[in-house]
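Trainee: Assemble the whole structure, with the sequences as input and the hints as a guide.
Protein sequences, first through last, are from chains A and B. This note's numbering puts the first residue of the first sequence at 1, with every later residue one more than the last. This note's numbering puts the first residue of the second sequence at 1001, with every later residue one more than the last.
Simulated from the structure, these hints should not be mistaken for laboratory data. One should not assume that every hint holds.
[What the hints assert, rightly or not] Computed list of lysine-lysine pairs in DSS-like fashion (alpha-carbon distance at most 25 Å, straight line):
hint, chain 1, residue 1, chain 2, residue 2
1, A, LYS83, A, LYS113
2, B, LYS1077, A, LYS83
3, A, LYS159, B, LYS1114
[What the hints assert, rightly or not] Okay, the calculated bits of chain A under chain B, using three or more residues with CB under 8 Å as the criterion:
hint, stretch
4, 132-143
5, 157-168
[Unchecked claim] With beta-carbon atoms standing in for the labels, derived distance ranges:
hint, chain 1, residue 1, chain 2, residue 2, range
6, A, TRP278, B, TRP1096, 52 to 58 Å
7, B, ARG1025, A, ARG245, 46 to 52 Å
8, A, ILE103, B, ASN1312, 39 to 45 Å
9, A, ASN190, B, ARG1219, 35 to 41 Å
10, A, GLU136, B, TYR1107, 28 to 34 Å
C-beta atoms are modelled at their ideal positions from N, C-alpha and C, and glycine is treated no differently.
Given next are the chains, with one letter for each unit.
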Amino acid sequence: MLSRGRGKRGRRAVTAGSAAPMAVSSLTRALGALLLSSAPSLPQRAQAPRLVCLGGNLLPPCHGFSTSSTLSTNDPMWKCRIKYTTRPIGMKKTGGRDHTGRIAVHGIGGGHKQRYRMIDFQRLRYVPGAESGPYEEKVIQVRYDPCRSADIALVAGGKQKRWIIATENMQPGDLLKTSGHIGRMAVSANEGDAYPLGALPVGTLINNLESHPGKGAQYIRAAGTCGVLLRKVNGTAIVQLPSKRHMQVLETCLATVGRVSNVDHNKRIIGKAGRNRWLGRRPHSGLWHRKGGWAGRKIKPLPPMKSYVNLPTAAARA
Amino acid sequence: MAGLWWPTRPAAGALRAWGPRGPHRGKTVQVPRRPLPRTPWTTRGPPPGAPLPRSWQDKRPVQEQIPGLEQVTYADKQYFVPWLARPRHPHWERGWHDPRHSPGPRYEAMPLYKERVCYVCHQRAKMLEGVRQALWLTKTKLMEGLPPKVLNIIDESANQLENQDEKVQNAISHARVWNTTELIPKRESYCPVLLEDLLHLCRTMASKYPSLSKRMLARDYKVAATWERESSILQVRGLNGILLNAINPLLPVASKDEILATENHILETFHPISPTIDLQEVNVYEERNDTGFREGYPYPHPHTLYFVESANIRPARFKPEQLRAKMLMFAFGNALAKAKMLYGDDPKVLEHPVVVQSIGTEGRIFQFMVFQLNTTDLASNDGVKNLVWIDSDQYMYDYIRYLPGIRKKVVKFPPGIYGYRPDTFKKFLALYLHGAVQDSTQTKIL
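Mentor: Here you go:
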């Protein structure tokens, strides 16, 4: 029978409406649940002192609790989940404070409650057990994400579903191709497909760019942005970011083709101060900073090209 | 300084007027917490393979780095001092097995662990592709509408209650309006009450057809059925719905020709999505086929499954497509378990197909389904297929008005049921009478 002990792997009964991170899913152990990732020896939460939570994808058959997750949580480890899930996770607002408790970033606080949907930025992710190679995925749903300016899309391929950043003109029912192979000829890519930079023709608009192969997309993710693939130079590719800065990366880095969704995001009018507060932005300080330097037109030369190519070799030399 | 019009801060050392209340009152600054640990989902940082910066690297204790050097910790003092190191205690073993504080066996150590994965469909499995996915998994061909046998029962006027519409509308009003003192009852309260009332109305027909009394309802029973489908093991397990059992089985609905004609039908696949998506993958399982009832149960044959979809919150509720898929999977599971019990575990085409009906509702919209299991040979994609007739999205009424609509002090829209459709209950009754009533061309079973 389920006991109410609170040990490290203690079993806790699930009560109706309890937050998914807080409830230890002992039911999953009892019923022999999910083994989507084949790594049972990994800690379920990264070195959590007392709060251990197995992957919250509970699938017990008989209990009548609500299957929607909580709106917010008091758990400081809410973003340290190891197991991927498509269900939204309750977030804890920081108010601009860091781990010491002091304000690190001003002007953040309040705003509507948001639930975080785990986005998979590493587009080329092979399921353990499936063979490597180009694969297709189908778009199930495109929806608004409160945590970013772009829209997100639920795609399904094989036996798994995941959230990705949606591109412009992505509709439910589209098929997206993801490939890690660089051929001799450049591929004629459709919007939404993900290819390595070396396989794309020069001049394509790309988004969700990685700086290192396999790291996951960290550049060009905001609504309506796109980068341009400028040229390909023996094993590296040079991309122009939306800030007009040039970036040199290895040609095996993946990027998706097209512009990010929600293109008219910069044309929206906030309209009133209250809407900014709903977005979680607190008012600016009214103090006039003499040396702030914000006023006036700035004409600067373009900063030098940022190269992410030579870094590993420099570390190898040192 | 109470005379000032601007808010003043209290004097130094006094309790802050604007501080936290309750158990945290008086606490000044919270203990600085450590920065969050690094997980794959905090994507900032160096790429995989590159060395971490010094502050992120795991610091081995000095004892390991310089052998022979001992760290002075406050373990002996048993209280914290800021200039001594934090002691690392060894893991404490209880020495005896305490069932309330033991982690339990790992999956690999459990006796039922198997390398091959099994995909389980249970009552909370919402399948992505809905009925199409269920059709592939159960090797079934879909026919729109109800079978002609059932439609004949609907058409006969003798198969109706007296004042049927009035009685059904009373049942709807009872469930949705009269059952509670609150103005608008929740779906969790009205949906099962409506189903019970409709079943009660059907049971009143037993005076006309005495063979209707040879039936029994069963709740909270667990079904288990296992089959192989193109090199993956599938299972249907667990609580499903309310099952109406009968002494005599349902006769096959489709003729032999129709059954043989299904051999040419090709099952629909949906590349790139795998047909086992959204099913629970388990490594610890037992291949069991169990109808849920023991030998010698007086009502051995499954007749109809009733599904009540009454979750209050919309995300927890099944959509009609997913409800139909769940109905199909569980009707198939019950039929397969019964067939394996009667005819053995060998995969073969059944001489006497097993028929199970299924009705699912969420209080207003009804889904009707008749499933016929023709074959237990489900591993390959060709051969004889099973048949299912689905009548989907039958509205019993459009909406209920709880409060009267008054315009200019005149009641324009009285409270009550709006948009009532009598056909839905006729189909409900026909599915109930199916098996006890013969067609008008044949004699009645008494």
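Trainee: Mind listing which of the numbered hints don't hold for this structure, in increasing order?
Mentor: Violated: hints 2, 9.
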